[in-house]
Structure formats: structure tokens, C-alpha cells
Amino acid sequence: MQFLSDAECEYIRNGAKDGIRSDGRAMLDIRPVTLETTVLPTASGSARVRIGKVTDILVGIKPEVAEPSQDFPDEGIISFTVECSSLASPDFVGRGGADLSAELGQLLTRLYTSPVTRELRRSLSIIKGKKCWILHIDALVLDSGGNLFGALSLAVRAALRVVILPRVIVIPGEADDDDEIEVDEEEFKMLERSRDAPIAVTLASQGDRGIYMADCTSEEESCATASITMGVSPLGKSCGAVSAGTGGIDLDTLSSMLKDAAQLGLEILDATDRFLKTDIDNRMSGAPIVPIGFFS
Amino acid sequence: MGAITYGPLVRIDGEGAKTKERDVREDGRRWDELRPIYMRVGMLSTATGSGYFEGGGTKIFCAVHGPRPSASNYTIDGTMHCDVRWAQFSGREGAAGRQGDSMSEEERELSSSLQRTLASAVRLENYPKCRIDVSAFVLEDGGGGFAAVTTAASLALADAGVEMTDIMAGSTVAVIGKQLVVDPSAREEAIADGTVRVGFASQRAKVTDLMQNGEVDLEQFREAIKVCCTASAQVCGLMKECLVKKAKKWLKKRGRSEM
Amino acid sequence: MAPPPKRGRGGGARGLEYISLDGLRVDGRLHTEVRKIRCSLGTLSRADGSAYYEQGNTRVLAAVYGPREPTGRDFEHDKAIVKCEFSTAMFASTARRRTWKGDRKSTAAAIVVQRLFEGVILLAEYPRCQIDIYVQVLQNDGGTLVAAVNAACLALINAGVAMSDYVVACSVGYVDNTFVADPNSLESGSDRPELTLAITPHSGKICSCQLVSKLADDASFESAMQYATAGAKQIFQVLEYEVKKYSLGLLDSRGMVAL
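Residue numbers (UniProt numbering), protein chains in the order written: chain F, 1 to 296; chain C, 1 to 259; chain G, 1 to 259.
There may be inaccurate statements among the hints.
Computed footprint of chain C on chain F; a stretch qualifies when at least three of its residues, placed anywhere within it, have a C-beta under 8 Å from a C-beta of chain C [to be verified]:
1) 79-88
2) 237-248
3) 254-266
Straight-line C-alpha distance at most 35 Å; calculated DSBU-like pairs for lysine-lysine [to be verified]:
4) G:K36 with G:K233
5) F:K53 with G:K214
6) F:K17 with C:K245
7) G:K233 with G:K105
8) C:K249 with C:K178
9) G:K245 with F:K53
Hints are computed from structural coordinates only; laboratory data are not their basis.
Model, not experiment: these values are computed from the prediction.
Backbone N, C-alpha and C fix where the C-beta goes; we use that ideal spot for every residue, glycine too.
Model the full assembly from the supplied sequences, consistent with the hints where possible.
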């Protein structure tokens, strides 16, 4: 958390009133996003997202065969663990980042338990009620410069898009309960329905009626009075939303915030999907991928 | 003791009210009806203030302790600590069979959510070096538990005499198919495609807390928020009545004339 | 331990041939060679100093915050204190393991790094200050402590903290009756001796020396030390080159030197 003096806050808020931000963006502009997939050889799917060369998130997915939950026997499980590395801020030392980690994890869980991703979860089922894939999605916040929710959801989605699972052969047993499975380590498949996965968009209100901004820097975040984070599915539906901040938002502003959040979400989804499509195609065709970021 | 009961169901005069006249819910309510509400303040003698809220099968106790000196560190503004717990017998999934005193992830999240909502109205700048503890206990959760917690906590804070700029109420709307259902029961919540929960400050007409689960259309979402606000505003009206009633009783006891 | 087979015809505990007939290791290195090293300085934006360090498949990020005001209660009036935290990402190894920042191994590694740099940083230059070193392992393929030390050294240089010398670490493993510099996770195991050495390359002093398991005699310890020192010198060349490149880049960006 960054603490700003009153004067600095005033500067940001007055700028916001006139639709000007300190880095020259318009209110609903987002910073340049760097997205890189399959960065970790030890994970089945991974992605790294950087926003504005500041916020930096690394996500790795490890699949495992497990038993499905009793409530949803025909669905696989997606479980999230978010860790805020001390690299991002000395405040995260020890248990310091635990609250934020829990908050980020809760939001991801909320996004991925909505009916929007039901088909994706179903595609993880192997034998109904007996075996399913559990995807352990581990996210690491390496650097935080605002818009953690957005960056995190983007990284998770990208990692899900490129994750590969080994093919599983079900060997029928004599009785119904005796079915066994064999994991074929030679053949892999991607998750077809991962394109249903949502992303989160955060809009922060700066106190005045109708004034809100997207993709806040940490300075802008710390003087925002209230903010809304909304999960946007590729169909433009809302799949989980939470508010933060103590300022409160009036109804009209809130209503237009939700509309803008949904639209912005769709734009981001569209752009990332276009990128991911070429990225996956390139990898499939074996074209050389030039790593970026510090992995280069 | 101030207590207020509303036997007849509170109606929301929304636009859709007339068109859906014939749709009746399981418990006989129309889609835009709240469950019968009962609220009461000041029934706990050890707490500075307390509130009880009952709406249908949802029953919440909330106690406020303080403002009292903060033992830990010096702060310019007062601090508020909220603690929301579901009783093991509350009937909420996951609450039964829980072991120990540790809070579940959800309870922790809701506690911080409650803290945010309340802090938007409490004048914490008037309580330097102090802390206010709000603890809510859900006796029975028949749907809309957390929204009711907001209402009960707000009542308790008012009863405790904590300075507030506003009074808050919470309400839930479930989206079932194309239909918005106000104040859903636990069963309705379970079958809903999505739920929207709003904390609403009536005087300033501001949404102080928003939470959406499941999947809802954008249009439905916006409509649901509006409906939530209308419902909350009505509940706020009842809360005020309840508090005034208590204040009058208090004055009478001390032989002061009616205000 | 069973009598080892003839040198060069390995058959380790895992039925793996660690050193081929040509004298090459599993990843094609000679026994004196360290893995490919890549590193960069100033990778993170918020830290005062940061570095990315990659040694084969082991990848580590380090950040330095400070010298700054002490966050805790303890400080020294005449010198700085060094604090270190070491954590491993959950996806770092092939098997997923839930690790905690404060687990035994991480704490042990953190203490080694802290002690090491306490000896090299000119602490008296920064009275009443605190210098935090955070190391995050992104991928673990053996030799995380070595990578942590080297990365921390680069991060401290990036932060501009005054040090008397570089600190360079290198480890030596022992497979198939041969010492191997910088063993990877296949070559290092709990049943085999491994020596981790940290030296200051200019003065040639030993800052830290850790031996896991046991070596046969003095002579083999001597030769292990030689391997480690030689490995550290190889690594040092890379570090120095990278630091010079980074510094020249900085000077160039300020127009102080024409590249």
C-alpha cells in the first residue's frame, strides 16, 4: 500500500475531474500489457503478465488426478493459490501479504465457480463421480503497481488457454466401480473450453459523481474512494463482482461503471484472444518463439 | 426497548410489479416482496449497543462494543473491527461441523466487507485512538444472511450512539432465469443463476458495498442493483422508525417530554 | 555404500548414468563446467535494487529494499542490519509442493544469505538502517542457494549498497566417484556429498562453506574446494561482465559515455 499526501491525492483527483491522468491516459485507457505464455518448463501451463512494466504476475498450472467433489460429481476442480512475493513490497514479508493473497484468491474462485465456466469444469471430468482433473493454479505476484485483479485474471486465463493435459484412457472394469484410468504421457491436449474463462476489470471511482478510471496505478488506487471489480465473461455477462473502498458510489455512476467495465472487459478479451490464437498457432507449427522479459 | 414488527409484507413498487402479478413464489410472496421483518435494539445489557434483525428465516444478533481506547497502536482516526460468524446450527452450508474458533475464508471476507460498509458512514475521525468492535452472529440463515448482517450492524451502531452520517441496510436479489427475485430464501439462493447483494446508505443514496456471485446479464445486474437499493431504502425507513421508538421510550423513562 | 563401479561407468542410485564414457555429464557438461548463466539487473520497478539470475534451469529473482529506516524495533546505532527472506514458488519444481515462507529450509537459506552479506556490506556506512534482501525462487533445478547468493549480490550492486567485494557462490557435487561443479537436481541428492562455497573473488576469502553429507578424507575436501573455487571464478566472470554492461548502459543513457 502506498501512502500519498493530501496534496498528491488532490492532484490526482482534480486531474480526474478534468479527465486527465498523470501518465497521459484517458480515463478508461489501460496501460500497455505484456503477455507471455508457456514461460515455465516445470508447469503444464504458465503465463506471465506485466502491466505498464510495473505490475508483474507469474502463473503456473499443475494438473493432478483427484476425486471430484460430491456436490458436483461431473465437474473437475480448479483451485487457486495466490502468493504475494516479498519482492513486490516489503509489506508482504512473512504473513504480511496473507490478507491480500486471500482476497485475490477469493476473487479468482468467485470468477471460476460461476456458471460461465461450467463447461470448462465439466471438460476436466474423467469418470463421473470418481475421477477428475484438479488444476492447481498457483499465482505469484512479483511486482505490484496497481490493477492486480486485472493482471491476475488475465494471467490465469492465458495460462488456462495454453495448459496441456495428458490424454487419459479409461479402462473399463468388470463392475461399474472398477473402471481404471491410465495417463498417457505421450499425447497431450489443450482445454477446448478455456476460452469461456472470464477476466476481471476494476474501475475506481475518484469521489465525484461519474468520475472513474480503469487500470489504476498504485498511486491512483490509494486515493480512490471506492472501486468495483467485475468479472466479465466472453459473452459480456457479469460473473462475480466485488466492491472495495469506503466511499460509496451513487446509483447512476455505478450503473455506467458496470456498463463500461463490461465493454472494456470485452475489448481486453478480444485483444488477448487474438494474441493467444497466433501464439498457440505459432507454437503448434513449431515456429521459434522469442522470449521476452527477463526470461529472454 | 425499541422493537418493531411488520406483519404484512413490504412491497416494492417497481415497474415490473404489475406485469408479474401472477407469479407467486414458494412462500406465497410475489417476486418483489420482502419477507416479514422484525427488528429490535438494545436487548443486550453488556454491549454498548445491540441490534436484532429477523427477516423470514434469517435471524441475526449484532453487538457493538466501544468506542473504547485502542490498546495497540495510536491512530488519528478511530478503527473499526468487524467479526461476522455463522452459528453451527445456522443451517448454512459449511457452517455446521466447523471446528475451533478460526474464521472461514468466507467469514473473513464478509467481515472486511462489513467493515468497509460501516466505515463509510461512521465518523471515525471523531474517535481518535479508539476502536469500535462490531460482532455479528447469524443464528439462522434462511437466505440473504449477509445483507441482514449489514442491517443489524447498522442498527446496533446507532443504538450504541456511535456518530454516523447515514444508516445502512443490505439486501439481496437473486436472478432466476429471467426473473429478479427480491430477498431470496435459502432455497431460492441455491437454485439462482446469480445473486446480487448491495449495501445501501439511504440518506446519501450511495451503494457502499456490492457483491455479485454466479452469472448475470449486464442489464439484469443493473436492474438488480436498482431493486436492491429500493428494497434497502424501505428497510432503512423501518430502521429509523425502530430507533425513534426506542428513543421515545428512553426519554419517557427519564420523564422528559415527547420530542 | 556399495563399492562404486569403475570411474566413468556410472550407475547411480536411480539407475542413471551420471557421467558418460566420454566424460560428459547428463546435460552434456564437463565435470568442471558450471551451467549456462544468464542474468540481468534492475528487473523490478519498485525495489531499490533487483536482479534476475538464471543458472541452467534454476531461476531466481532477488530484490533489495534499503538502506532504509528500520521497520521493526531492532536496529544498531552504529551500523546497518541486514534482513533476508527466501521463498520458493509453488510451481518451482516438477512436483507441486505447498511451501511456506517460514519453513525450515527457507529460513536456513535466508540465514546463510543474511550472514554472508553482513560480512561483505560496509554496514558502518549506514548506521540505524535496515537493508532487506528478498529472494524468490521461480524454478528449482538444484543449487537454489548458490543462485540466491549470486542474485542477491547483483541486486545489492543494483541498489548501490556499498560492499567490499562481490560475493560469488558455487556448489560441488560428487557423483560416480567424480567431483562435478554446479550439480543440477539430478546430480545432487541427499545421499551424496555436496559442498556449497561462497567466496569474495577479488580477495579470495571464503565467506561461507557448507558441506552436506561426508567426504572421504582431507584430500577430497581440498579438491572439492578447488572445484568450487574454480566454478565460482567462472560465475564471477559472467557477473562482472553483466554488471559492467549494465553500468555502461546507465552511463550511456545519461550521455556520459559514448558506446
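Structure-based check of each hint:
1. 79-88: violated (count 0)
2. 237-248: Our answer is that it holds, as 12 residues pass the Cβ test (under 8 Å) against chain C, meeting three.
3. 254-266: holds (count 5)
4. G:K36 with G:K233: Between K36 of chain G and K233 of chain G the Cα gap is close to 14 Å, so the pair holds against 35 Å.
5. F:K53 with G:K214: violated (47 Å)
6. F:K17 with C:K245: violated (43 Å)
7. G:K233 with G:K105: With Cα atoms ~27 Å apart, K233 of chain G and K105 of chain G stay inside 35 Å; holds.
8. C:K249 with C:K178: At roughly 46 Å apart (the allowed maximum being 35 Å), K178 of chain C and K249 of chain C break the hint.
9. G:K245 with F:K53: At roughly 21 Å apart (the allowed maximum being 35 Å), K53 of chain F and K245 of chain G satisfy the hint.
Going down the numbered hints, you'll see the structure goes against 1, 5, 6, 8, while the others check out.
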